[in-house]
Amino acid sequence: MSATATLPAPAAVPPPPPETVTVKVNGKTVQVPKTMPNWQGKPEPTTMLQAARVAGVEIPHYCYHDKLPVAGNCRMCLVECGTPMMGPDRKPVLNEDGTPKIARSVLPYEPGTPRGVIACATPISPGMEIYADSPATHQMREAVLESLLINHPLDCPICDQAGECKLQEYSVEHGQAESRFVEAKVHKPKAVDLGPRIILDDERCILCTRCIRFTKDIVNDDALGIVNRGSYNTISAFPGKAFDNNYTLNTVDLCPVGALTSKDFRFKMRVWFLKETSSVCTSCGTGCNITVGAREGVIHRFEPRSNDAVNGPWMCDSGRLNYKWIGRADRLREVRIGGRRSNWSTALREISGKLSTAPAGSVAIVASARQTNEELYLLKRLATRLGAITDSIVREGEADGLLVSADRNPNSNGVRLTGMAYTEAGIQLPKIAAGIAAGTIRSLIVFGEDVTAHGLDAGLLAKLDLLVVSDVLPNPTTEAATHLLPGAAPVEKRGTLVNTKGRLQKFNKAVEAPGDARPEVEFLQELVEAVAGPIGTATIEGLFNRMTAEIAGFGGVQWAAVGDTGITLSL
Amino acid sequence: MSTKVVERKPLTAWERSYVPSILGGLGVTWKHFKRTAPFLGNKPITMEYPEQKWVVPEGYRGAPYLVKDQDGATKCVSCQLCEFVCPPKAIRITPPGAEGQPADRANAEKMPLEFEINMLRCIFCGLCQEVCPEEAIFLQKDYSLTGVSREEMVYDKEKLLKLGGTHAGVQKWKHKLEEAAEQETFPVETAAATEATK
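Sequences listed follow chains U and H, in order. The first sequence begins at 1 in the working numbering and counts up by one. The second sequence begins at 572 in the working numbering and counts up by one.
Hints are not guaranteed to be accurate.
As the list claims (entries may be wrong) - Every beta carbon over 12 Å from chain H, so not counted as near; a handful from chain U, in silico:
1. H65
2. T83
3. H187
4. D201
5. E203
6. A358
Claimed, not checked - Derived DSSO-like pairs: lysine-lysine, alpha-carbon spacing no greater than 30 Å straight-line:
7. K185/U <-> K639/H
8. K639/H <-> K190/U
9. K580/H <-> K268/U
10. K190/U <-> K745/H
11. K660/H <-> K263/U
12. K745/H <-> K166/U
13. K190/U <-> K743/H
14. K575/H <-> K268/U
15. K101/U <-> K28/U
16. K166/U <-> K743/H
17. K745/H <-> K275/U
18. K275/U <-> K241/U
19. K324/U <-> K268/U
20. K728/H <-> K324/U
21. K268/U <-> K639/H
In short, the hints are calculated from the structure, not lab data. Treat the numbers as computed from the prediction; the structure is a model and nothing was measured. Think of the CB as a built atom: it goes at the ideal place given N, C-alpha and C, for glycine as much as any other residue.
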């Protein structure tokens, strides 16, 4: 994946080049830039498809994709067009009213027949007219669709793509009502195991080659190709090799039909039942934008959401499949005091009572870089009031040069900005351990981390008077807690995160937290207000605006300005 | 608008004794008894439900049940269109998932793990039958559905298949499989070519 293709510089949109071309789309005159970014973001002559988009006309297409090289093989974007007629003197021929005469494109050997051109690969020229709605264009689309459907099995009832299938959509919009094909269809292999996460149904494939181009040009893993001839064309992995890289599931999104389907999502839920929520992936520091698909409180899939400033239209397989823990049976769903079930009001009253009387310097807070900025801000307020020593935990892996970041925490920058950890997270942990051992630190607050794996073992934790732990899944630290507060997974709450490149992004709540579990912001707010006095706002928006006004690093950004694709902070 | 006051005559002593009303009523009863009593040679005009059951007309919309094909296989492929279209949300389908049981029909790939119809919610509208691309659910002739609990009125897949019986139809998945097998033979023997060789 070249850096330019997936992660273009988050700079503001460059000003449109001064050079424009005037074209007509469906009779409407529009000024279109002479060049537009190609799949790699480099300027290239504007194509008819891009020009039509500028005019607000979407030309149907299968093989064309903004972020993939143009192939021009599906022929779905065929349109009729016309160019200004030139006289023998190389001067435009004019109509009687002075307008340039337009020559419609026709077959050279059959001038009565309109000749379509593929809008995805044909550059525009001055004065060109694009007829995206003419009878000839409609006829061409109908014929292309008919040809694509010749060997299509029409097994929509058992196809996972049904509901978000371009073949279905275009058949309704542009296709014929009935099939004229009476011969036996060509049958190809079904349910082919292409790789560990992908199933291929060759009969459904329309051979647009989007998957081949993606894996070759974006992931640099030339794993797929087309074998056999004519009607027997099939997509295939290299013999004896599995289609297995960390980006294979993007081909499922790319596939305009149901040929490539996800093994994970296979036969799980029909897509029209899924409630879609805009969110952000929290598996690493990149913070890919995602759409969460859930039905009745059950998460069924994550899909990438296009954001050119972060992830383009892609995301990695490991992040996409990292949702199963959310529905785990052993999720923490009870408030516990000393191991016995309690309730929120009792627990918060007890904790705030003990913290209010704690002498300065006797409290330590270990925050998590998986927490939202709002949670970290509230913890920071608490830490300031208590004079507490704070830190966070580093989580590192290996970067893959594409989307996976070496920083496996989604909000390391948020931890730094809110001041919950110094520029280097984790350096205060030995001090906390020493403090507990020496008996100067009597209370410890831990959010979303297992500190027993980071130098604060169970023996040390047993020395504490108060150990407040909030987490989502059980671990040795939650077992040692005097007060256990069940928290919410990222998809169960709202908040903002700052990715490794300083992109401030917000995510929304897709499902409810199980049992008594609550979003951390809610109970932290109650706790902080009880210990450190009122904050003066009850909403997450208000809290965010308060935080950005107080902390210079956030540059005073307002919640409303963040938008669905985030905003870049100068770190 | 004028008001007409109806004169209510006070009842006489004879009328107040109820005797004329009782006699009048007995007269009506006797008249109908003579006209309908079977042992007086009359044809019965009522149906002794539930010993006798009404035969519903063609096209009657009774309870929706799942059907099996002529080979005894489940026709439903769990496409969930009926669940989507059902106006009172009476239908609930659990799809098989990736590791679920494979369909008992060859080539269909998919069948529901569970299929429930809440007969208390069902309004017998027939949209499920209309929308079904597999001809797997039909409104049948059952109109009297009873149970002693709400749970009992939620019919599961097993019960629906048992009640639904068999519906012979085009076996498109089987047909596709046959077509695919034919494709493997070469040269392709068409019906016309076979005729010609004879």
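Status of each hint after checking the structure:
no.: 1; hint: H65; in the structure: holds, 27 Å
no.: 2; hint: T83; in the structure: holds, 46 Å
no.: 3; hint: H187; in the structure: violated, 4 Å
no.: 4; hint: D201; in the structure: violated, 9 Å
no.: 5; hint: E203; in the structure: violated, 9 Å
no.: 6; hint: A358; in the structure: holds, 50 Å
no.: 7; hint: K185/U <-> K639/H; in the structure: holds, 26 Å
no.: 8; hint: K639/H <-> K190/U; in the structure: holds, 24 Å
no.: 9; hint: K580/H <-> K268/U; in the structure: violated, 79 Å
no.: 10; hint: K190/U <-> K745/H; in the structure: holds, 14 Å
no.: 11; hint: K660/H <-> K263/U; in the structure: holds, 29 Å
no.: 12; hint: K745/H <-> K166/U; in the structure: holds, 27 Å
no.: 13; hint: K190/U <-> K743/H; in the structure: holds, 15 Å
no.: 14; hint: K575/H <-> K268/U; in the structure: violated, 74 Å
no.: 15; hint: K101/U <-> K28/U; in the structure: holds, 16 Å
no.: 16; hint: K166/U <-> K743/H; in the structure: holds, 24 Å
no.: 17; hint: K745/H <-> K275/U; in the structure: violated, 35 Å
no.: 18; hint: K275/U <-> K241/U; in the structure: violated, 36 Å
no.: 19; hint: K324/U <-> K268/U; in the structure: holds, 13 Å
no.: 20; hint: K728/H <-> K324/U; in the structure: holds, 28 Å
no.: 21; hint: K268/U <-> K639/H; in the structure: holds, 23 Å
Checked against the numbered hints above, the structure breaks hints 3, 4, 5, 9, 14, 17 and 18 and satisfies the rest.
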